[in-house]
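The task is to assemble the complex, starting from two chains supplied on their own in separate frames and drawing on the hints.
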Amino acid sequence: MKDEQHSESAQEHAYPETTAGKPTVEDNAKVSARGANVYYGEKQAIKNVSLDVGAHEVTAFIGPSGCGKSTFLRALNRMNDTIDICRVTGDFRLDGEDIYDRKVDVVQLRARVGMVFQKPNPFPKSIFENVAYGPRIHGLVAHKSELDEIVHTSLERAGLLGEVKDRLDTPGTGLSGGQQQRLCIARAIAVSPEVILMDEPCSALDPIATAKIEELIDELRENYTIVIVTHSMQQAARVSQRTAFFHLGNLVEMGDTETIFTNPEHKLTQGYITGRFG
Amino acid sequence: MAPTAETHANDHTVRSFDAELDRLSNTVVRAGGLVEAQLAAALQALVKRDAALAAEVSAKDNEVDALDQEIQDHAVRLLALRQPVAEDLRHIVGALRIAGDLERIGDYAANVARRSLVVNQSPPVKAITALARMARLAQEIVKDVLDAYVERDVDRAIVVWRRDEELDALHTSLFQELVSYMMEDSRNITACSHLMFIAKNLERIGDHATNIAETVHYLALGRPLRAARPKGAEVPTEPSSGPESPT
Numbered sequence: 001m002k003d004e005q006h007s008e009s010a011q012e013h014a015y016p017e018t019t020a021g022k023p024t025v026e027d028n029a030k031v032s033a034r035g036a037n038v039y040y041g042e043k044q045a046i047k048n049v050s051l052d053v054g055a056h057e058v059t060a061f062i063g064p065s066g067c068g069k070s071t072f073l074r075a076l077n078r079m080n081d082t083i084d085i086c087r088v089t090g091d092f093r094l095d096g097e098d099i100y101d102r103k104v105d106v107v108q109l110r111a112r113v114g115m116v117f118q119k120p121n122p123f124p125k126s127i128f129e130n131v132a133y134g135p136r137i138h139g140l141v142a143h144k145s146e147l148d149e150i151v152h153t154s155l156e157r158a159g160l161l162g163e164v165k166d167r168l169d170t171p172g173t174g175l176s177g178g179q180q181q182r183l184c185i186a187r188a189i190a191v192s193p194e195v196i197l198m199d200e201p202c203s204a205l206d207p208i209a210t211a212k213i214e215e216l217i218d219e220l221r222e223n224y225t226i227v228i229v230t231h232s233m234q235q236a237a238r239v240s241q242r243t244a245f246f247h248l249g250n251l252v253e254m255g256d257t258e259t260i261f262t263n264p265e266h267k268l269t270q271g272y273i274t275g276r277f278g
Numbered sequence: 001m002a003p004t005a006e007t008h009a010n011d012h013t014v015r016s017f018d019a020e021l022d023r024l025s026n027t028v029v030r031a032g033g034l035v036e037a038q039l040a041a042a043l044q045a046l047v048k049r050d051a052a053l054a055a056e057v058s059a060k061d062n063e064v065d066a067l068d069q070e071i072q073d074h075a076v077r078l079l080a081l082r083q084p085v086a087e088d089l090r091h092i093v094g095a096l097r098i099a100g101d102l103e104r105i106g107d108y109a110a111n112v113a114r115r116s117l118v119v120n121q122s123p124p125v126k127a128i129t130a131l132a133r134m135a136r137l138a139q140e141i142v143k144d145v146l147d148a149y150v151e152r153d154v155d156r157a158i159v160v161w162r163r164d165e166e167l168d169a170l171h172t173s174l175f176q177e178l179v180s181y182m183m184e185d186s187r188n189i190t191a192c193s194h195l196m197f198i199a200k201n202l203e204r205i206g207d208h209a210t211n212i213a214e215t216v217h218y219l220a221l222g223r224p225l226r227a228a229r230p231k232g233a234e235v236p237t238e239p240s241s242g243p244e245s246p247t
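These protein sequences, in sequence, are chains G and W.
Going left to right, the first sequence walks through residues 1 to 278 as this note's numbering numbers them.
Going left to right, the second sequence walks through residues 1 to 247 as this note's numbering numbers them.
Pulled out of the complex, with its shape left as it was, chain W reads as follows (with noise of 0.2 Å):
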């Protein structure tokens, strides 16, 4: 039967489809909120210095993690069953991709968490006023563009895409800073680096959340955002392996 204005209803004819696209959505949302809430409590951890808050999204991280195996099993389940085109396409990658990139920062926060525990051996150091500051933007960023994923609202996802420069131009000063009370004083040191993998990690969680503003983009438009992609922070030289990979 062809469809007429009023009969063509926005629904698959196939109502369960529907129900299962529903629900991936809602499973990514899920692992955003509590990668959010890990980001925001390993961040509370650091600035307040408590051991068994880090302890728990240490422990919490596999939560994360069991979410974006969810995720990724029911999409190519979906890609399986139901051969999906065009924007049902675009729905099923674009929740892959997103798992992907929070499971990313997910890992970043517990690696937030558990260094806080060693930089809470020594004394406090004035940058943490500096990167309390970069933590807010990170988790800005975060919430930004996980709201603009659920509205799909690609306008708003933008916004966040420029907004990881002033995240990046964050980490390159803090870093600068951190050097100089390295510096300074040598007693510094320890507390400083993992101060600077913290750092770092926060603005690789900006490009993650870049990242998910992307595959926002690419779902509502069904094209890649094509302007310049924010550059990543500027730091003379970027530690390359070891300890800063979460693990």
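So that you can see chain G by itself, here it is in the shape it has in the complex (with noise of 0.2 Å):
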């Protein structure tokens, strides 16, 4: 019987024109994607993707190993800039503006989208310093007492303020991993992005310390717009509001989470979410 059901689409394997759910959002986008393509030299990574990020949403990208979901992530931020072989072509706004138009300051922009990855990266400084580091060079300070306040209200949203207001001179680099994650979303909204890309930000930790990553990306969600690669669908399911499926580069499938994980309308999200290949 499941055989007949599989068998039933002889397209099973054919990518649909369009990616299939829905890629678009109707009026809150924050981030908006349109025939994106990106290279590494020859080999076309992301392959004509289009779709909308939601402002205050968690968008989840899942998709297997080199399926272009961290490649797609960067480019938002133009993080790929800094790969010689790389290119980027397609449209890219946020806000309605062109990330990649020639006008673009890019350390304006990536302080607007903000970036935590998968091992936590504090600098080798002290705690503080690891917050006030973005803050003092965008020039976003006058005084210390504003400082000492970002410092504190960043480490407070990013729910670590608690475990080291005592400590805040001691080494990022001596705290926990779940910690050090934290940390870099505190470092990460200390200079208020309005999007934060997050690749894979609980690969490194444990079970506690990842449900903590995940409690703080819902509280964020209510101030910024998130969007989130992972490799555990479970977190998708469990944080996500939209949920994009990539393959080989191309954006199969996009929709509300709820739907991805109930009923996906392409059979190669059905196949790598109930964890038929992958």
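One thing to keep in mind: the hints can contain errors.
Which residues of chain W face chain G? A few of them, derived with a C-beta cut under 7 Å, are [said to hold, decoys possible]:
1) H12
2) T13
3) Q83
4) G222
Simulated from the structure, these hints should not be mistaken for laboratory data.
Even for Gly, the Cβ is constructed at its ideal location relative to N, Cα and C.
Following this line, the structure appears as structure tokens:
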């Protein structure tokens, strides 16, 4: 019976002309991509992807290794610019403004679109300096008291203040993995970004630390727009409102997380999330 | 490793999960077969006035309950250990729901059997013919919906879902027929009132079969049957509690 259900679709492995589900949003798009392509030299890592990231939503990117989800994430704040052989085409917009416009200051862009990486990477400085660094170089503060406030607020929002407030001058690298990751989130928040990109932020953390980050992501949604790349489908299901499934550089399907995990449209999505390949 | 058209199998990467899902379906099918047999035997006991058979059906209801429990335990275990999504999730939730409906159908069958013992104390009533017709339809509906489950056949499930209306119509006319017999001759009252409850049980069996049809639709397509649900029997005054509840 299962076989029959699967074989009913002759296009099982074909990519849809357009992405299945609902890759765009009606009116609250914070970040939009249209006809996006990313190449590493000759190899095309992202193929004609169009999608919207809704404001104050958590959008999860899922897919097997090498599907292009991280590449696409990095295109959203031009992290790929740092890779020589990388070429990006198509239209990327943040609040309707072209992210790849010649006039865009990439440093400013990355302040608006922050990033948290897979491995916690605090600077080899004190906890305070880790968070203070961004606001300082972006010239966001005039007085020490302002800086203090930003550091405290950021640590608070990252759910870390209670654990570190008595040792702000100790090295950030001395914290546990989960704390370090929350420190990195505090550091990202400190420059008041609008969007936070997270590239597998919990893959190096234990379940408790992961739960804390997930709880944090849910709280941060109120003030920020979040895009998270994750290998954990359960995590995507838990934290996100919308989910995008990438496969071999294609955006196969995108839609409400609930729909993706209960009744996905595309066979490939179904196969991936139910563990039938990967 | 990214899948290609060749390597993308229908099986889970973790094979034991497939085996567990198959086992769950098989238990549901087994429960369905047992319930079908119980219903057939109960109706035979009624028509043939076979007290021994009726007692057997009544005793066997425990087996239906045990299978229902087995399905529930297994489904809960799979939910906890496999964290299923999409069609796997629907498969398991569907099994849970269908098990509940089968358990109720089993209860109604047992109730028919027990009532047949009482009915058989009185002389035969003419209405038994109409009741037998209703019984055949109920059996057909149950059989068809179980086949639809096994085949994951949505079209067949929809046909069953629609046929429940026929059963409701038969119930309504049988109800009136029984009322007229009771008015004709008060000695018919005991038998006829039990037959009324038996008819009601059959009507309820149809409703549970309808539920199963809806579950099959959801299992296969991931969305509920949207059209208006067939209405319940339009019986003037429905017995609301007590004797008709299967025990």
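Checked hints:
| no. | hint | in the structure |
| --- | --- | --- |
| 1 | H12 | holds (5 Å) |
| 2 | T13 | holds (5 Å) |
| 3 | Q83 | holds (6 Å) |
| 4 | G222 | holds (3 Å) |
Comparing the model with each numbered hint stated earlier shows that all of them hold.
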